Amino acid sequence: MEGKGRIFTEVDPDLLRECFRSKSKKLTNKVTSVEEAVRVHLHDGDYLAVGGFGGVRIPTALLHEIVRQGRKGLGFAGHTATHDCEILAAGKCFDRCDAAYIIGLEARGIPKMTRKYFESGAVECTEWTNAALSWRLRAAAMGISFIPARSMLGTDTELHSAAKEIACPFTGKKYLALPALFPDVAIIHVHEADINGNCHIRGILVSDQDLARASKTVIISAERLVPIDFFRQDQEKTTIPYYLVDAVVEVPYGSYPGNMPYEYYSDEEHLQEWLTAEESPETYQAFLDKYLFGTRDFSGYLELCGGTHRMRQLRDLEYLRKPALERSEGTEGEGTD
Amino acid sequence: MEGKGRIFTEVDPDLLRECFRSKSKKLTNKVTSVEEAVRVHLHDGDYLAVGGFGGVRIPTALLHEIVRQGRKGLGFAGHTATHDCEILAAGKCFDRCDAAYIIGLEARGIPKMTRKYFESGAVECTEWTNAALSWRLRAAAMGISFIPARSMLGTDTELHSAAKEIACPFTGKKYLALPALFPDVAIIHVHEADINGNCHIRGILVSDQDLARASKTVIISAERLVPIDFFRQDQEKTTIPYYLVDAVVEVPYGSYPGNMPYEYYSDEEHLQEWLTAEESPETYQAFLDKYLFGTRDFSGYLELCGGTHRMRQLRDLEYLRKPALERSEGTEGEGTD
Amino acid sequence: MTTDDPFLTRKAEYNGMELLVCVASRYLEDGASVSVGTGVPVAAAMLAQKLYAPNLLIIFEAGGIAPLLPTMPISVGDSRTIYKAIQATSMTEVMDTLARGLVDYCFLGGAQIDLYGNLNSTQVGTDYRKPKVRFPGSGGANDFGSLAWRTMVVTPQSARRFVPKVDFITTPGYLDGPGSRERAGLPPGTGPYKVITNLAVLGYHPESKRMMVESIHPGVTTDEVRANSGFELLVKEPLGITDPPSEDELRVLREEVDPLKLVIGREAK
Amino acid sequence: MTTDDPFLTRKAEYNGMELLVCVASRYLEDGASVSVGTGVPVAAAMLAQKLYAPNLLIIFEAGGIAPLLPTMPISVGDSRTIYKAIQATSMTEVMDTLARGLVDYCFLGGAQIDLYGNLNSTQVGTDYRKPKVRFPGSGGANDFGSLAWRTMVVTPQSARRFVPKVDFITTPGYLDGPGSRERAGLPPGTGPYKVITNLAVLGYHPESKRMMVESIHPGVTTDEVRANSGFELLVKEPLGITDPPSEDELRVLREEVDPLKLVIGREAK
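Chains as they are written, first to last, in this note's numbering: chain S, 1 to 337; chain Y, 1 to 337; chain B, 1 to 269; chain A, 1 to 269.
Everything labelled a hint here was simulated from the structure, so no lab data went into it. All values reported here derive from a predicted model rather than from experimental measurement. A few of these clues could be false.
[What the hints assert, rightly or not] Derived pair list, reagent style PhoX-like, types lysine-lysine, alpha-carbon separation capped at 25 Å:
hint, chain 1, residue 1, chain 2, residue 2
1, B, Lys261, Y, Lys26
2, S, Lys174, Y, Lys4
3, S, Lys173, Y, Lys26
[What the hints assert, rightly or not] Computed, partial: chain S to chain B, Cβ under 8 Å:
hint, residue
4, Lys26
5, Thr28
6, Ala100
7, Tyr101
8, Ala122
9, Thr126
10, Thr171
11, Leu205
Ideal Cβ positions, reconstructed from N, Cα and C, are used throughout, including at glycine.
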């Protein structure tokens with residue numbers, strides 16, 4: 001069998017080698033603004049991949065800015081894409097998608113307008129699985145144009161993928177050759193970064209180490225900027241090395257309303273409000289006008305959503321603590337942050 | 001072109017899946033002695049792979065014990081194998097070898113008796129490169145029987161490998177298919193382990209994450225045992241998870257005379273003494289009788305090599321400190337450990 | 001599974017979700033590994049850990065390995081899935097682990113399931129470019145259904161969901177029947193294991209690989225089970241009656257596993 | 001490379017190893033990446049960093065990335081290679097990085113080199129099963145020679161080492177000449193770049209891919225360079241004379257890079 005789907009990205013590793021060759025390996029200040037990072041590095045028609053896990057450690061500020069700047073015709077890696085997919089669909093930003101997990105918000109439900117966008121025919125999909133996209137990114141990270149795998153075989157998922165069946169030259173066993181996935185741009189939210197682009201991620205990595213390696217351009221948003229010695233003093237902290245990164249922005253609470261492990265939990269109420277707003281085009285437009293288009297930047301969005309008070313609650317939730325107001329001052333070891 | 005060399009290990013991933021399936025995923029006490037770990041888990045004829053980088057973070061205690069127990073007919077992964085190769089060659093333990101880097105001690109020189117062992121015809125070699133063995137282990141870690149790569153092409157290294165040329169089904173480009181490498185037994189030295197086998201490695205990993213995943217049986221030696229909460233409280237510490245591990249031994253200075261990053265530097269004088277001893281069969285036999293066969297266990301070897309005094313010097317070297325004796329007590333922040 | 005359980009006298013003591021969780025938990029033995037999603041599967045795995053399988057290795061596809069779950073996760077990648085975990089790794093490494101044969105059980109769901117256990121979570125309608133309804137797609141489901149040793153499905157049962165042929169095979173069951181997984185190239189020995197519904201526990205006939213009722217839940221009739229399937233269900237002889245939740249199971253489930261009733265407070269249908 | 005340097009008056013001011021290190025260092029530009037081994041290459045990279053290329057990215061194949069080298073490493077995997085490094089990763093990831101085209105320069109050596117820059121570090125003799133002398137083999141050399149953009153060789157020069165055909169091609173140079181790397185499947189644009197010996201700097205003819213003398217070191221004659229090669233060397237016209245080490249280079253090399261004379265205290269042959 002041979003998948004009938006289209007490959008949306010370049011797979012020739014030699015073209016990618018030329019591209020990676022031209023990247024500077026200098027330690028330089030790459031700090032910029034969210035607005036500029038998106039304006040300079042992401043163009044209409046580019047293929048975009050988003051780090052994190054849909055509603056966990058997502059670069060929300062960058063995603064909102066992509067919509068606000070009206071980026072169109074993007075390719076999109078639907079690799080457990082949940083709230084990130086929802087945001088980009090709100091802007092009708094993409095028109096082709098490698099679909100492993102799209103539309104849905106896991107157990108929370110399926111947003112109607114986002115689903116409609118996919119059902120409308122406006123988005124050309126090629127089917128994959130979570131593992132397939134992970135392995136496609138790994139192939140790219142390895143500088144090879146394909147990698148053998150054993151899932152998808154025998155299914156319609158395979159039929160609507162762009163994979164091809166091959167035989168192992170040693171065992172004769174059947175494999176699916178997955179084409180490498182080299183995104184044009186990756187946007188990844190991390191816990192700490194320095195000005196050069198060295199990054200520290202805590203908790204689950206999903207595919208972000210490989211994603212940073214596989215992408216032609218990498219934009220990082222970080223909860224906080226740290227000095228380079230943060231990494232030089234403990235190399236276990238370097239999840240992504242600087243020479244892969246093109247731009248760095250500092251965005252506290254940058255994954256909100258997503259969960260940022262060890263920092264703050266997801267805002268389920270706001271996600272529910274978003275989901276409910278998608279019930280009709282009218283309610284959705286009003287919602288988007290208020291939260292997305294009516295705000296100049298991400299800090300405006302955070303304010304609309306409850307500001308520092310709400311963030312404090314989400315931090316309490318993350319740490320499984322009683323709400324701050326219920327805590328008597330001075331009696332808790334954890335303090336009040 | 002098709003490599004003329006032999007594949008020394010099973011490549012059928014389904015046989016390996018059956019093997020991995022039978023491993024228990026229980027958290028149980030796997031602590032044992034060096035003697036028992038080798039006796040129970042490594043058998044004549046097994047294929048052995050050694051963690052670390054030849055003279056860096058090597059499981060010396062386990063290597064000595066393999067020689068002392070007279071294990072024979074092993075297969076051996078010569079993946080930048082330097083002092084580890086030298087020890088096993090001293091015991092004539094292996095008779096086949098995947099050779100990427102063997103015999104030599106990097107810039108230190110080439111030990112004569114070890115070289116002679118390889119030149120004698122007693123060892124059947126298949127040629128590879130460091131990357132090829134790394135990628136073969138990664139293929140095994142991925143549960144696939146082959147992986148495409150672009151080195152070795154066009155050389156005698158390829159001709160004497162066991163790789164096969166294939167074409168990429170997407171680009172038509174030529175690749176070398178490398179067969180997965182599933183060792184029977186891996187021995188790996190780590191900084192910290194708990195009784196269940198969770199392991200923390202600091203500094204360079206070489207291929208040890210994949211090696212632990214690829215091997216049917218994994219024996220860990222650790223500088224020190226720590227409680228399981230060491231890992232549960234900070235998951236960044238878990239380099240190797242417990243369910244991959246079969247036996248754990250605690251061996252302080254277990255990489256000596258190799259370098260253990262952040263712990264102690266290599267003992268270049270002792271390595272030089274070993275190298276010099278290899279000048280003739282007689283001097284070598286005397287050396288081995290004294291250091292290897294004349295000692296009951298690794299602590300006896302450490303004593304012969306200068307004991308705690310020497311270890312203290314190597315720790316000073318590692319930390320680029322003046323020797324302890326030259327330090328005036330109480331004036332150095334680092335103290336006396 | 002025994003048939004002599006006085007289920008009628010206990011009928012009011014548990015709801016449908018509690019039954020699903022308790023029944024599912026019994027299939028997970030100590031020392032096994034299981035990949036779980038949110039909802040019933042994670043509740044079942046937690047219950048199993050507390051009652052029968054203290055050493056059950058719980059794996060989340062996004063990277064969480066062996067957490068001490070403090071509460072139900074909302075996402076299979078959220079903070080709860082790595083709370084005091086042994087490891088927080090990558091999805092890639094979890095999928096590698098799966099491919100190497102280290103995952104014994106997985107739990108999956110779908111909008112449709114057919115008589116060979118094939119699952120559809122991609123779309124309603126057979127025109128791929130113009131689906132009647134689009135769903136999220138495979139996620140990791142196809143990977144687990146392809147590479148885990150035993151696939152369990154926990155699902156509400158209805159004739160709309162249990163169809164003779166799914167519109168889209170997202171995740172492989174036994175595909176077209178005996179031998180077809182092997183012909184497709186999937187690893188031998190893997191495949192559908194149990195389907196646990198609000199009405200019954202179903203398995204697969206060892207030769208024909210067709211779905212087969214193994215036990216019906218207390219208070220349910222065979223006709224009901226049949227009526228709620230769009231294809232003919234084989235029925236095991238003798239047919240068992242599912243053991244209802246024990247008091248121990250219910251207590252631990254309600255007090256320790258899901259005190260906030262996030263799962264067991266929902267409707268079983 | 002200029003020919004007007006009064007090298008004779010400086011002749012005693014540096015030794016052969018110092019010359020090798022200084023010359024090699026000049027080929028590494030700022031913002032480039034280089035994979036180095038122990039000895040001359042690491043000294044050259046350190047010198048380049050201190051003089052011309054503060055942002056030279058130094059990579060060690062065992063996993064050390066961008067360390068602040070406090071002293072010469074003894075092994076390419078030892079503690080020094082990760083001292084205050086940006087990253088301590090795996091060999092696998094370094095090799096991936098190499099394969100993706102992120103390594104600009106590498107330094108290699110070998111027991112034999114031929115007119116196309118092919119290197120032998122595996123054996124003397126052509127019978128693989130019964131070598132006359134066995135060497136360590138490729139290590140990472142073949143990988144770097146295959147996948148780095150530019151391969152540099154620093155080696156003593158003699159007719160025994162510079163042979164018409166190496167006994168064993170461990171690491172690819174231009175193989176059989178023009179086009180043969182491409183035919184073998186190696187990535188385009190890669191290959192041998194410079195050979196720096198105790199006598200001269202050599203490059204490769206752009207069309208024929210044959211080794212060609214580009215400049216001879218101060219005090220060395222073209223005849224000497226030719227006599228110390230087992231194959232006919234092309235000679236660039238006009239032939240340059242290698243710039244001898246500058247006072248700056250020598251000072252930094254001796255005082256900062258290698259104060260213990262671990263490299264520059266050795267014999268150049």
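For each hint, the structure was consulted:
no. : hint                 : verdict
1   : B:Lys261 <-> Y:Lys26 : violated (29 Å)
2   : S:Lys174 <-> Y:Lys4  : holds (24 Å)
3   : S:Lys173 <-> Y:Lys26 : violated (32 Å)
4   : Lys26                : violated (28 Å)
5   : Thr28                : violated (28 Å)
6   : Ala100               : holds (6 Å)
7   : Tyr101               : holds (4 Å)
8   : Ala122               : violated (12 Å)
9   : Thr126               : violated (10 Å)
10  : Thr171               : violated (11 Å)
11  : Leu205               : holds (4 Å)
The structure shown violates the earlier hints numbered 1, 3, 4, 5, 8, 9, 10.
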